[in-house]
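On the provided structure of chain A, position chain B as indicated by the hints.
2 protein chains.
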Amino acid sequence: MTVRPFSDRLADAVHDKGSALVVGLDPFIERMPEAVRKSTDAGTSPRGDERQRAADTIALFNEQVIEKIAPFACAVKPQIAFYEEWGPAGIEAFERTVVMARDAGLLVIADVKRGDIGSTAAAYARAFLDPHRSAAASDAVTLNPWLGTDSVAPFLQAADDFGAGLFALVRTSNPSACELQDLEAGGLKLHQHVAALVRSWGEDRVGSSGYSSVGAVVGATAPRELQQLRHELQGAWLLIPGVGAQGATAMDVAPAFDKHGLGAVINASRSILYPYSDPSDPKWADAVGAAAQQLRDDLREASRAAATQA
Amino acid sequence: MTVRPFSDRLADAVHDKGSALVVGLDPFIERMPEAVRKSTDAGTSPRGDERQRAADTIALFNEQVIEKIAPFACAVKPQIAFYEEWGPAGIEAFERTVVMARDAGLLVIADVKRGDIGSTAAAYARAFLDPHRSAAASDAVTLNPWLGTDSVAPFLQAADDFGAGLFALVRTSNPSACELQDLEAGGLKLHQHVAALVRSWGEDRVGSSGYSSVGAVVGATAPRELQQLRHELQGAWLLIPGVGAQGATAMDVAPAFDKHGLGAVINASRSILYPYSDPSDPKWADAVGAAAQQLRDDLREASRAAATQA
Numbered sequence: 483m484t485v486r487p488f489s490d491r492l493a494d495a496v497h498d499k500g501s502a503l504v505v506g507l508d509p510f511i512e513r514m515p516e517a518v519r520k521s522t523d524a525g526t527s528p529r530g531d532e533r534q535r536a537a538d539t540i541a542l543f544n545e546q547v548i549e550k551i552a553p554f555a556c557a558v559k560p561q562i563a564f565y566e567e568w569g570p571a572g573i574e575a576f577e578r579t580v581v582m583a584r585d586a587g588l589l590v591i592a593d594v595k596r597g598d599i600g601s602t603a604a605a606y607a608r609a610f611l612d613p614h615r616s617a618a619a620s621d622a623v624t625l626n627p628w629l630g631t632d633s634v635a636p637f638l639q640a641a642d643d644f645g646a647g648l649f650a651l652v653r654t655s656n657p658s659a660c661e662l663q664d665l666e667a668g669g670l671k672l673h674q675h676v677a678a679l680v681r682s683w684g685e686d687r688v689g690s691s692g693y694s695s696v697g698a699v700v701g702a703t704a705p706r707e708l709q710q711l712r713h714e715l716q717g718a719w720l721l722i723p724g725v726g727a728q729g730a731t732a733m734d735v736a737p738a739f740d741k742h743g744l745g746a747v748i749n750a751s752r753s754i755l756y757p758y759s760d761p762s763d764p765k766w767a768d769a770v771g772a773a774a775q776q777l778r779d780d781l782r783e784a785s786r787a788a789a790t791q792a
Numbered sequence: 483m484t485v486r487p488f489s490d491r492l493a494d495a496v497h498d499k500g501s502a503l504v505v506g507l508d509p510f511i512e513r514m515p516e517a518v519r520k521s522t523d524a525g526t527s528p529r530g531d532e533r534q535r536a537a538d539t540i541a542l543f544n545e546q547v548i549e550k551i552a553p554f555a556c557a558v559k560p561q562i563a564f565y566e567e568w569g570p571a572g573i574e575a576f577e578r579t580v581v582m583a584r585d586a587g588l589l590v591i592a593d594v595k596r597g598d599i600g601s602t603a604a605a606y607a608r609a610f611l612d613p614h615r616s617a618a619a620s621d622a623v624t625l626n627p628w629l630g631t632d633s634v635a636p637f638l639q640a641a642d643d644f645g646a647g648l649f650a651l652v653r654t655s656n657p658s659a660c661e662l663q664d665l666e667a668g669g670l671k672l673h674q675h676v677a678a679l680v681r682s683w684g685e686d687r688v689g690s691s692g693y694s695s696v697g698a699v700v701g702a703t704a705p706r707e708l709q710q711l712r713h714e715l716q717g718a719w720l721l722i723p724g725v726g727a728q729g730a731t732a733m734d735v736a737p738a739f740d741k742h743g744l745g746a747v748i749n750a751s752r753s754i755l756y757p758y759s760d761p762s763d764p765k766w767a768d769a770v771g772a773a774a775q776q777l778r779d780d781l782r783e784a785s786r787a788a789a790t791q792a
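Taken in sequence, the protein lines are chains A and B. Just so we're on the same page, the working numbering is the position in the first sequence counted from 1, plus 482. Just so we're on the same page, the working numbering is the position in the second sequence counted from 1, plus 482.
Pulled out of the complex, with its shape left as it was, chain A reads as follows (with noise of 0.2 Å):
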């Protein structure tokens, strides 16, 4: 291989950063300063229809996002949904911004949770991960794992070609994730059968950092299955949604954390992007850079707590 994996990648990224922070790129359009809603507003844009002027607005949030933001975090997670709801303009307003985060040294994890048949995975794989297709590939993508290893199989392959990266659902934040993902077969619960198919697809592609390139989504909302994941998953990069908005805190995820800080990221979206209660206030930028070094630093601690325990 000779692109470094994205295993050591994610890494080198927490280590350089001193963060586990990813911020969650999710572009809710009504909660959005004002002064970024007015510039792209009907009258003054030159694009008049409504979902080309909403993926204005979203590259144009994103841009001031960004560069707030990058100094905090090691990684951006765009939630792909946002953009696809603007039809084609979306999906370019989705590209430029997996673009400007990658020119600001930040790590891209699109958040796209596909899961197909392999013919149809390759495709897919092929729309995020792969260089030679699109000059906005992401670094990693979130699978869902419902069809099992086959709908996996092109995403390794991209991990293999391309450095690229996979975060399989393993315990989802949602208060519904239980119905599932919790149900016991064979002494098992359903989403440590999933843990042990990451295990299966990670362990031939461990990098120099101990990390696989085959992570798992596990919620900060379900604080024991996360203990219990944490150790079944030791060679697994976490991805853990669920801190900020979804309630719970940087205390809750310090189990996930190796004695280095490494071995979990922990995403915000919300409280990262919409910290301040005044859509009108010109220093929103600052409030969003503020909220994300605040999250870093208490990620800080929750992970040298974790160390300290060890």
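No lab work stands behind these hints, which were simulated from the structure alone. Don't take every hint at face value.
[To be verified] Here's a subset of chain B near chain A, in silico, CB distances under 8 Å, partners left out:
1) GLU566
2) GLU577
3) GLN716
4) GLY717
[As the list claims (entries may be wrong)] Below 25 Å or equal to it, Euclidean Cα-Cα: the simulated SDA-like pairs (lysine to any residue) are:
5) B/LYS671 with A/GLY669
6) A/LYS741 with A/SER690
7) A/LYS671 with B/THR631
8) A/LYS520 with B/LYS671
9) A/LYS671 with B/ASP664
10) B/LYS520 with A/SER616
11) B/LYS765 with B/GLN776
12) B/LYS741 with B/ASP494
13) B/LYS671 with A/GLY668
14) B/LYS671 with A/GLU666
15) B/LYS520 with A/HIS614
16) A/LYS671 with B/GLY600
17) A/LYS741 with A/GLY668
18) B/LYS671 with A/HIS614
19) A/LYS671 with B/LYS741
It should be emphasised that the depicted structure is a prediction, and the values quoted were computed from it without experimental measurement. Beta carbons: idealized from backbone N, C-alpha and C, even for Gly.
Below, chain B without anything else, positioned relative to chain A:
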């Protein structure tokens, strides 16, 4: 509700067309006829970019396919991965395809297999089903159930608001579907647990056809599971892939039909789109039409056989 529910619109389409055939619009450019590929070649296309050219090729191919298959199919099912892989231009081709199919009197099932937390799922529902958001809204979508009820709720809302349909992935057609979907928990296979969720999501959404707008994807490649799930999901439309290139035949899906020939629609993609052995055959589009007609006839026969046995 002012809009006729998807379940009834699908029953009408199957009845009026005398066809349970869904044609999967999965554009593989390298398998397309030369005539189509040439007319969007780098040399002749006014738009030079590779992704734009690919998207133009797809739209041109789909236009001719739709014209030929429209008399023989009740619906089309574009697989969005094969459009997403060409970036914004690909999504534009996807939307053009949706509109062309609708104009040809076909229902459109967007094969997107999305599944995400509530606020994200709401964005996906807007993206694919909300006619106020997009002029190219589909009639139905496929959904991945791994995240449970709250990931489906926004789509149930779209069913109520817009008469949309959904098909949850209960038992897929791919070889490794069994890894998770066939695990046994509390005396039931996982796919049966999902079937129970599908029943609960659909019970207040039964139309005058007797079927609900919450259906299930069940692969034809697992005939025993298909038969069992048909029994457990009596009020649900089944969307059945796996016939044709994936190996199952029309007779394999006979048990899925009720005695009126309703209750199941059968998807075939590659076997309909690429039936010609010679890509330079000028009559390629007739071969596509003939393949659709043949499978429609085979499905009619299978459906009659099922009615006789019942």
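Against the structure, the hints:
The interface hint given for B/GLU566 is met, as the beta carbon of that residue sits about 4 Å from the closest beta carbon of chain A, less than 8 Å. Of the supplied interface hints, the one on B/GLU577 holds, with its beta-carbon coming within about 7 Å of a beta-carbon of chain A, less than 8 Å. Given the 8 Å rule on beta carbons, the hint for B/GLN716 is violated: about 22 Å separates it from the nearest Cβ of chain A. Against a cut-off of 8 Å between C-beta atoms, the interface hint on B/GLY717 is violated, since the closest Cβ of chain A lies about 20 Å away.
For a cut-off of 25 Å, the pair hint linking B/LYS671 to A/GLY669 stands: about 14 Å separates their Cα positions. At roughly 16 Å between alpha-carbon atoms, A/LYS741 and A/SER690 fall within 25 Å of each other, so this suggested pair holds. With a CA separation close to 18 Å, the supplied pair A/LYS671 and B/THR631 stays within the 25 Å bound. Note on A/LYS520 and B/LYS671: the hinted pairing is violated, with a Cα-Cα distance of about 53 Å set against a maximum of 25 Å.
About 14 Å separates the Cα atoms of A/LYS671 and B/ASP664, which keeps this hinted pair within 25 Å; it holds. The suggested pairing of B/LYS520 with A/SER616 holds, with an alpha-carbon distance near 23 Å, which does not exceed 25 Å. Note on B/LYS765 and B/GLN776: the hinted pairing holds, with a Cα-Cα distance of about 17 Å set against a maximum of 25 Å. Of the supplied pair hints, the one linking B/LYS741 and B/ASP494 holds, its CA atoms being roughly 16 Å apart against a limit of 25 Å.
Distance restraint check for B/LYS671 and A/GLY668: the Cα-Cα separation of roughly 12 Å lies within the 25 Å cut-off, and the hinted pair is therefore satisfied. Distance restraint check for B/LYS671 and A/GLU666: the Cα-Cα separation of roughly 11 Å lies within the 25 Å cut-off, and the hinted pair is therefore satisfied. Annotation: proposed proximity of B/LYS520 to A/HIS614 holds, straight-line Cα distance about 23 Å (limit 25 Å). At roughly 23 Å between alpha-carbon atoms, A/LYS671 and B/GLY600 fall within 25 Å of each other, so this suggested pair holds.
At roughly 33 Å between alpha-carbon atoms, A/LYS741 and A/GLY668 are farther apart than 25 Å, so this suggested pair is violated. With a C-alpha separation of about 41 Å, the suggested pairing of B/LYS671 with A/HIS614 is violated against the 25 Å cut-off. At most 25 Å may separate the alpha-carbon atoms for a hinted pair to count; A/LYS671 and B/LYS741 exceed this at roughly 40 Å.
Checked against the numbered hints listed earlier, the structure breaks hints 3, 4, 8, 17, 18, 19; every other hint is satisfied.
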